[in-house]
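Asks: Sequence:
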Amino acid sequence: MLKILLNIDCSINSFQAQDRDGKAWCQFLNPTKYLISVFCSDTPDPRIAKQENINIIYLSQNRKVNAFKKFYNFHFMGNDLIINGKNDIGLIQSLWWHNRNKFNKLKIFFGIKKPIVIQYLGGFHQIGINRSQIGYLLKNSDKVLAISDQVSKNLKKELNIEAPIIHPSHDINMFTPLQHNNYNRQKSIICVGSMVFLKNPFLFANIAKQLPDHYFTWIGERYLYDFMLEKKERDNINNLYIPGSISNRDMPSELRKHDIFLFTSMMDGFGNVIVEAMACGLPCIVFDIGGPQEIVLNNKTGFVVSDEYEMLEKLEILTNDNDLLRIFSVASRKRALDYDGRKNIHIFEGFIDKTLAG
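Using this note's numbering, you'd call the opening residue of the sequence shown number 1 and step up by one each time.
Rather than coming from a laboratory, the hints here were simulated on the basis of the structure.
Every residue gets a Cβ at the ideal spot worked out from N, C-alpha and C, and that includes glycine.
Some clues are possibly wrong.
Derived pair list, reagent style DSSO-like, types lysine-lysine, alpha-carbon separation capped at 27 angstroms [unchecked claim]:
(1) K314 <-> K343
(2) K33 <-> K64
(3) K139 <-> K69
(4) K231 <-> K209
(5) K153 <-> K300
Label pairs and their in silico Cβ distance ranges [what the hints assert, rightly or not]:
(6) D142 <-> M1: 18 to 24 angstroms
(7) P46 <-> D142: 45 to 51 angstroms
(8) N55 <-> R185: 51 to 57 angstroms
(9) I246 <-> R63: 25 to 31 angstroms
(10) N55 <-> N322: 47 to 53 angstroms
(11) N299 <-> G135: 35 to 41 angstroms
(12) F351 <-> K157: 48 to 54 angstroms
(13) F351 <-> I246: 30 to 36 angstroms
(14) N236 <-> K139: 47 to 53 angstroms
(15) P31 <-> K257: 30 to 36 angstroms
Use the sequences and the hints to build the structure in full.
Replies: What follows is the structure, given as structure tokens:
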């Protein structure tokens, strides 16, 4: 069996995009062909824990112990392949020690070889923000893959790196629509994401204020959370709910409670939560940037808009037209199936096998 180390956290509540991508790959990669190792900082996701081809490396509360565990597994566990989705250079710096003379005897003793490193990149905008660090990370990886067409184009433009496009796999069966035939006059609109400037939560709040007859919910936290609470109180946005973060396992039921997914992010390499919302039958309204515009089919599963005024206009159309909302809902679920790991994992497996074959 081929040995793959996925540099992710497979904990049941891990919510980072790369962790969710990795857990889906664990589920769908051929269990008779790949032996996969993953890290875990808490209770493992039960979908992963029950698989015989998954080796779970439990981390501790001690950061130094965790650093040693990762270093040891990067170097000495005989991995054929390491797949990394985090935008830091720790793994590459660690593997760089393979080329140091002081490790020659250890390499002979353990009989190890330098594993092939694949870096998959989701946040294309981060190249401009931290060009030198991410440039070092990508140029010292053996292979780079992009999770959207826009990411691939930016890698070529910014760093002259050719990166094939492999969309993340999703467990679509976790996200299913709520079966109903009638919509209430008052619609429920949701967004999920970290409360950071790039995600544009203040725009979401402003739209909620302009449509007081409908309910708006933002799931997520980070450094703008307290500012959002202040804005809600100061501007009397009584139809806006900001419950904070929820666990990954509760996300499907939360999405199903709503009618429309309004994604105000101005920068996103892909948008896992868009696929998840569409799988729950929610039409999506997104900006014409990055991955989101590739996922949402304009005027079929929702709307792709160019500015905040058009976003408000399209949202008003959907909230007032139940027939259109129903048509978009059915089409959204159908579109989400294109990203089901049961359907597309062969593309990722083909990339892995080609990479290992050299």
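Asks: For each hint, tell me whether it holds in the structure or not.
Replies: Hints, one by one, checked against the model:
The suggested pairing of K314 with K343 is violated, with an alpha-carbon distance near 32 angstroms, which exceeds 27 angstroms. Between K33 and K64 the alpha-carbon distance is near 33 angstroms, which puts this suggested pair outside the 27 angstroms criterion. Using a Cα cut-off of 27 angstroms, the hinted pair K139 and K69 holds, with the two alpha carbons roughly 25 angstroms apart. For a cut-off of 27 angstroms, the pair hint linking K231 to K209 stands: about 11 angstroms separates their Cα positions.
Restraint check: the Cα-Cα separation between K153 and K300 comes to about 25 angstroms, which is no more than 27 angstroms; the hinted pair holds. Between D142 and M1 the beta carbons are some 20 angstroms apart, a value that agrees with the proposed interval 18 to 24 angstroms. About 33 angstroms separates the C-beta atoms of P46 and D142, a value inconsistent with the hinted range of 45 to 51 angstroms. The supplied range of 51 to 57 angstroms is met by N55 and R185, whose beta-carbon atoms lie about 53 angstroms from each other.
At about 26 angstroms, the CB distance of I246 to R63 agrees with the hint of 25 to 31 angstroms. Between N55 and N322 the CB atoms are about 50 angstroms apart, so this pair conforms to the stated range of 47 to 53 angstroms. About 38 angstroms separates the C-beta atoms of N299 and G135, a value consistent with the hinted range of 35 to 41 angstroms. Checking the proposed 48 to 54 angstroms range against F351 and K157 shows it is violated: the Cβ atoms sit about 22 angstroms from each other.
In this structure the supplied range 30 to 36 angstroms holds for F351 paired with I246, their Cβ-Cβ distance being about 33 angstroms. Separation of N236 from K139 is about 51 angstroms and conforms to the stated range, judged on CB atoms against 47 to 53 angstroms. In this structure the supplied range 30 to 36 angstroms holds for P31 paired with K257, their Cβ-Cβ distance being about 35 angstroms.
In terms of the numbered hints stated before, the structure departs from hints 1, 2, 7 and 12, listed from lowest to highest.
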